[in-house]
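A.B. asks: First to last, the protein sequences are chains A and B.
Counting from 1, position 88 in the first sequence corresponds to residue 88 in UniProt numbering; the numbering is continuous, with no gaps.
Counting from 1, position 258 in the second sequence corresponds to residue 258 in UniProt numbering; the numbering is continuous, with no gaps.
List of simulated lysine-lysine pairs, DSSO-like, C-alpha gap at most 27 Å:
| # | chain 1 | residue 1 | chain 2 | residue 2 |
| --- | --- | --- | --- | --- |
| 1 | B | Lys351 | A | Lys58 |
| 2 | A | Lys112 | A | Lys101 |
| 3 | B | Lys147 | B | Lys252 |
| 4 | A | Lys58 | B | Lys400 |
| 5 | B | Lys404 | B | Lys339 |
| 6 | B | Lys222 | B | Lys211 |
| 7 | A | Lys32 | B | Lys381 |
| 8 | A | Lys61 | B | Lys381 |
| 9 | B | Lys230 | B | Lys62 |
| 10 | A | Lys12 | B | Lys400 |
| 11 | B | Lys395 | A | Lys12 |
| 12 | B | Lys339 | A | Lys112 |
| 13 | A | Lys12 | B | Lys396 |
Some chain A residues close to chain B (C-beta under 8 Å, calculated; not the full set):
| # | residue |
| --- | --- |
| 14 | Leu37 |
| 15 | Leu62 |
| 16 | Arg106 |
Rough simulated footprint, nothing fancy, chain A against chain B, three-plus residues with beta-carbon under 8 Å:
| # | stretch |
| --- | --- |
| 17 | 350-357 |
| 18 | 373-384 |
Simulated from the structure, these hints should not be mistaken for lab results.
By construction, the Cβ of each residue, glycine as well, lies at the ideal position given by its N, Cα and C atoms.
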Amino acid sequence: MVLRIRLARFGKSHAPFYNIVVAHARTARNSKPLEVLGTYNPIPQPPRPGDTNGRPWKDIKLDSSRARYWVGVGAQPSDTVWRLLSMVGILEPKFRVGQIKSQVVRADSAAKSLIPPRTISTPPAETQTA
Amino acid sequence: MPPRLRSPNFPCAATSSPSIRSQPTAHRSRASREFSQTTCQHATLRRRRFYDWLNGHGSLLKEPLPGSTNYLGAYDRYGNLVRAPPGWTRKTQEEEVKVEEPKTDEAEAEPDKETPEGQEAVDELEMAVRREEEKNKDTRKQKDDDKLPPETAEDLRPFPLNKHFRSQPVLSEELREAIYRRVARDGASVSLASVEFGVSNERVGAVVRLKQIEKEWIAQGKKLALPYAKAVLAMVPTTPYIDPSLPSNKGKRPITHEAINDLIVHPATRQQLFVPVSESRQFTRVDAGKAFDNDLLPADDRIPHPELVQAERDIASGLSLQQRRQLAEERMEQELERKKQIELKRQEALKRVKTVSGRRWDFVFEDVSVESVGRDGRSAKGVGWRYGFPHEDRKKGQVKIPTKVEA
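Based on the sequences and whatever the hints tell you, model everything.
C.D. replies: Dropping the structure here:
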C-alpha cells in the first residue's frame with residue numbers, strides 16, 4: 001500500500017484548516033490517518049504584535065523529525081505538502097525551485113543572525129541587517 | 001447718501017468722524033486699499049488701545065530677551081519686566097552681541113549660577129537647594145548688577161488673563177542626550193535612569209526611542225530641523241542637565257523634572273465603593289485592590305518604582321548604609337535574573353519557529369511533537385484537529401466573541 005503525506009481538510013466553509021497527515025493513499029480524505037504530523041492554516045493571519053515588518057503570516061505546525069522519517073521510509077508527499085516540506089528543507093523543491101531555495105537560504109541566515117543575543121551598545125546595527 | 005466708491009485721495013477717516021483722526025500710524029495702511037468696498041470701521045476704544053500697546057509696551061516683545069521665555073506674564077501693565085532689579089535696563093542689540101561671548105564662558109565656568117528655569121519647587125529638598133542658590137546669587141549680586149534674575153513661577157504665565165496656567169518645563173537637549181547615553185551606551189534600565197534623572201519611565205522610554213531615530217537619521221544623512229528645535233526650546237522653560245562629572249557640580253543632585261512615582265489611576269478604581277468590613281478583619285491595600293477588581297493589584301505594586309518605597313522602608317527599619325546597599329543590590333540582581341530568564345524563554349520560542357518569507361506573507365513553521373496526542377491518540381492536547389470528536393462550537397455556552405485582543 002502506498003503511504004502518502006497529504007492534507008486533510010477540516011474547518012468550516014470559507015474557513016479551511018488542514019491537518020498534515022500520513023495515511024494510506026486509498027483511504028478517504030478525512031478518515032483516521034496513521035499519524036497527524038501537524039497542521040496548516042492557509043488563511044493569512046494579521047501581523048503579530050511584536051512584528052516590525054508588519055507582514056501577514058500563515059501558521060504551520062509540523063513535527064519535522066517525524067516528517068523526515070516518513071519521507072525516509074517512502075511516504076509520497078502530495079504537491080502541496082511537497083511545497084511545505086521543501087520550505088523547511090526536508091525535500092528538494094519541485095516547484096519554483098530557485099525561489100524556494102533562496103527563501104530557505106534567507107530564512108536560515110535570519111535564524112542564524114537571531115541566535116547570538118546582540119549587545120546593547122549597538123542598537124542601530126539591527127535595523128541595517130533587516 | 002455716501003458714495004459707494006471712495007477715491008483713494010480721501011481716507012475714510014476724514015469723511016466719517018473727527019475723533020478717528022488720532023489713529024496710530026500702524027493703521028494707516030488700510031487707506032491704501034482702494035479696492036475695498038466695506039464701509040469704514042469705527043476706531044473703537046479697544047482698537048485704539050491695541051495700537052497703543054502695539055507701538056508702546058508691545059514693541060518690547062518684538063525682540064526676545066535672550067535666556068528668557070518672553071511671556072506676556074513677565075511684564076506688568078506698564079511694560080516693565082517684573083523680575084528685573086530696579087536699576088536694570090535692557091541693552092540694545094549691539095551691546096547684547098558684545099556681551100554674548102564672555103557670558104557663555106562664564107556660564108560654563110559657574111553653571112550653578114544658572115538656576116533651572118520654570119522649576120516649581122516640588123519638595124523641600126528642592127526648596128533648600130533653591131534657597132542656597134538664591135543665597136549664592138545674593139553674594140554675586142554686586143558682581144553683575146545688570147544680570148537678570150531667573151524666571152519665577154509668576155513669570156511663566158504665557159496668558160496674562162489665565163492666572164492659573166503655568167508653563168511646564170520640558171527636557172533640555174543636554175538632559176535628553178544624557179538620558180540616551182545612560183540607557184543606550186551604559187546599558188542602564190529605564191527605571192534606573194528614571195530614578196537617576198528624575199524623569200518618568202514613559203518619558204525616558206520616549207527620549208531613548210526618539211534619540212535613536214535621530215541618530216539613525218543623522219547616519220542616513222537626513223536633514224534635521226535644528227533651528228526650529230532651538231527656537232522652540234528657547235521659548236519654553238527647560239530642565240537643565242547637571243553633569244556630575246564636572247568638578248563644579250560635585251555633590252549636587254540632579255534637578256527633578258517631574259514626580260516619578262505617581263500612582264496611575266486605574267479605570268476600575270474610578271467608581272466609589274462602600275465595602276462593609278467587620279471590625280475584627282484586617283483590611284489592607286491588597287483587599288482594597290481586590291474590592292475594586294479581582295485582578296487589580298494593590299497600589300504598592302502598581303506604582304512605577306516600588307523599589308524606592310522598599311529603600312525608604314529599609315531606612316525606616318534602621319539598617320546601616322552598608323546593609324541597605326547590599327539589600328538593594330540583591331534585589332536588583334534578582335530582577336536582572338528574572339529578566340534574563342524571560343529573554344531566554346523568548347529566544348527559545350523563536351528558535352522553535354522558522355519563518356520563510358514568501359511574496360505576500362510569511363510561512364511560520366512551528367515545531368511540534370506527534371507524541372503530544374498521547375498513547376491512545378485521543379488527548380485534547382494533541383496536534384491538529386481531533387478525530388472522532390464532534391466540534392463543539394454550536395453548543396450552549398460557547399463564547400465566540402473574542403475576550404482578548406493582542407496589541
